[in-house]
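On the provided structure of chain A, position chain B as indicated by the hints.
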Amino acid sequence: MTAAAPIETDVAIIGAGPIGLFAVFELGLLDLKCHLVDILDRPGGQCTELYPEKPIYDIPGLPIVTGQELTNRLLEQVKPFDPQFHFGEMATALEKLADGRWKLTTDAGTQLIAPVVVVAAGAGSFVPKRPPVPGIETFENAGDGVGVHYAVRKMETFRGKNVLIAGGGDSALDWTINLAPLAKSLTLVHHRDGFRAAQHSVNQMRELEAAGKVKFHVASVKALHGDAGKLSGVTLAGADKSEWHHETDVFLPFFGLTIKLGPIAEFGINLHENLIPVDTARFESQTPGIFAIGDINTYTGKLKLILSGFHEAALMAQAAFHIARPNEKLRFQYTTSSSNLQKKLGVS
Amino acid sequence: MKIIAIDRQGKEHTLEGRDGWSVMEILRDGGLDIAAECGGACACATCHVYVNDGWFEKLPERSESEIDMLDMALAVEPNSRLSCQIICSDATDGIKVTVAPE
Chain A
1 MTAAAPIETD
11 VAIIGAGPIG
21 LFAVFELGLL
31 DLKCHLVDIL
41 DRPGGQCTEL
51 YPEKPIYDIP
61 GLPIVTGQEL
71 TNRLLEQVKP
81 FDPQFHFGEM
91 ATALEKLADG
101 RWKLTTDAGT
111 QLIAPVVVVA
121 AGAGSFVPKR
131 PPVPGIETFE
141 NAGDGVGVHY
151 AVRKMETFRG
161 KNVLIAGGGD
171 SALDWTINLA
181 PLAKSLTLVH
191 HRDGFRAAQH
201 SVNQMRELEA
211 AGKVKFHVAS
221 VKALHGDAGK
231 LSGVTLAGAD
241 KSEWHHETDV
251 FLPFFGLTIK
261 LGPIAEFGIN
271 LHENLIPVDT
281 ARFESQTPGI
291 FAIGDINTYT
301 GKLKLILSGF
311 HEAALMAQAA
321 FHIARPNEKL
331 RFQYTTSSSN
341 LQKKLGVS
Chain B
349 MKIIAIDRQG
359 KEHTLEGRDG
369 WSVMEILRDG
379 GLDIAAECGG
389 ACACATCHVY
399 VNDGWFEKLP
409 ERSESEIDML
419 DMALAVEPNS
429 RLSCQIICSD
439 ATDGIKVTVA
449 PE
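One line per chain: the protein sequences are A and B, in this order.
Per our numbering, residue 1 is the first one in the first sequence, and the count goes up by one each step.
Per our numbering, residue 349 is the first one in the second sequence, and the count goes up by one each step.
Next comes chain A alone, as it looks inside the complex (with noise of 0.2 Å):
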């Protein structure tokens, strides 16, 4: 991977979720710019990842909402400032430069420098979910087309390779139909005879199996087998618990995305039980020019609620703002009032 040239702006947020937006809306109004790092694909957050199409009742002024009509207006509302995003990319490391601002990079290579940054990362990062099988990380990082791999990058990888698929959801289904006249063999392992996924592609998967061109089995992996992290077989266990070994080159779980903190533990803000404590006159850590707002802050009375990072970012801006433009002067302004805010917002 290149590194790209490093981009100056004021203000980092990481998290793209529904608190990481309407900060770009407070700092916006303060003329501060944004950029947004999100290991998701799209934004939102939790909101468009977890619960997509389930209605949220306590948005103030918004009776009912779903996650994803959340998310779009977040977006209309943040338009005018131009939020750059950087999406399918995790923050990985964050250090202080001699100028006293911060550099943030990403596992693409992105490298971010701004005086402030904004942690707006809920629970973390969405990382895919790894079955408990002892041993399963030591098969993680075999390289193309071998071990236990939770996306498909190349197709191509897993040509003539003897594939193993366990989940029941589009994923699982959408792999095992497209790597199926690739692969050597093909084999879907799921705890139960019924999926989740989208029927047409469950009646696509039942036609190959009648083909002979996939094998599908009510069981789970139970054990890996291989050395020194190549994989050559694993344990397979079926519903009336009776195990038999199944060989393969690859085994590829599908279950789906669960939050771990991730590489924010290294970057040297204080943590208490993995939630960053700040005060609540400025929602900064304990590490000025670092601000924690929405589910991954701590302090006494925080509620877990969008609502309550929404107030937690206007008052981060206020404090921000000071570190961003150290010289200039605040001018606290409405925007049902101020000519000069709704030029910003484009509705004057």
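If you are wondering where the hints come from, they were derived from the structure by calculation, not from laboratory data.
Glycine is no exception: its CB is placed at the ideal position from the N, C-alpha and C atoms.
Just to be clear, a hint being listed does not mean it is correct.
As the list claims (entries may be wrong) - Selected chain B positions facing chain A (Cβ under 10 Å, derived; list incomplete):
#1 Gly-378
#2 Ser-428
#3 Pro-449
To be verified - Straight line, CA to CA, 27 Å or less: simulated DSSO-like cross-link-like pairs of lysine-lysine:
#4 B:Lys-406 x A:Lys-129
#5 A:Lys-241 x B:Lys-406
#6 A:Lys-222 x B:Lys-350
#7 A:Lys-129 x B:Lys-444
#8 A:Lys-241 x B:Lys-359
#9 A:Lys-260 x A:Lys-304
What the hints assert, rightly or not - Computed footprint of chain B on chain A; a stretch qualifies when at least three of its residues, placed anywhere within it, have a C-beta under 8 Å from a C-beta of chain B:
#10 162–174
#11 305–316
The following block gives chain B in isolation, referenced to the frame of chain A:
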């Protein structure tokens, strides 16, 4: 009403259930290590438990959405439930659950 919960280290906890609360809420407030990422919306499968000692059969059947969501859980067994979908009542007094592996 009691809930007997076994954590991932195998330690048994006796928790006080509350009528109308979900078992997930009782486990979470009782300090057990259970992610419950979606907060009880049957949308994440991270409050997965095994229901032990014959209690599984005594509970109301799983909904379609819970069965679907369990497809995203790890190490699913025939007695798997999402604890956010088990509601405490007199009928669940003494229920025994084991927190599933992460």
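Hint check:
| no. | hint | result |
| --- | --- | --- |
| 1 | Gly-378 | 16 Å, violated |
| 2 | Ser-428 | 8 Å, holds |
| 3 | Pro-449 | 4 Å, holds |
| 4 | B:Lys-406 x A:Lys-129 | 30 Å, violated |
| 5 | A:Lys-241 x B:Lys-406 | 23 Å, holds |
| 6 | A:Lys-222 x B:Lys-350 | 33 Å, violated |
| 7 | A:Lys-129 x B:Lys-444 | 26 Å, holds |
| 8 | A:Lys-241 x B:Lys-359 | 25 Å, holds |
| 9 | A:Lys-260 x A:Lys-304 | 17 Å, holds |
| 10 | 162–174 | holds (count 3) |
| 11 | 305–316 | violated (count 0) |
Hint violations for this structure: numbers 1, 4, 6, 11, all remaining hints satisfied.
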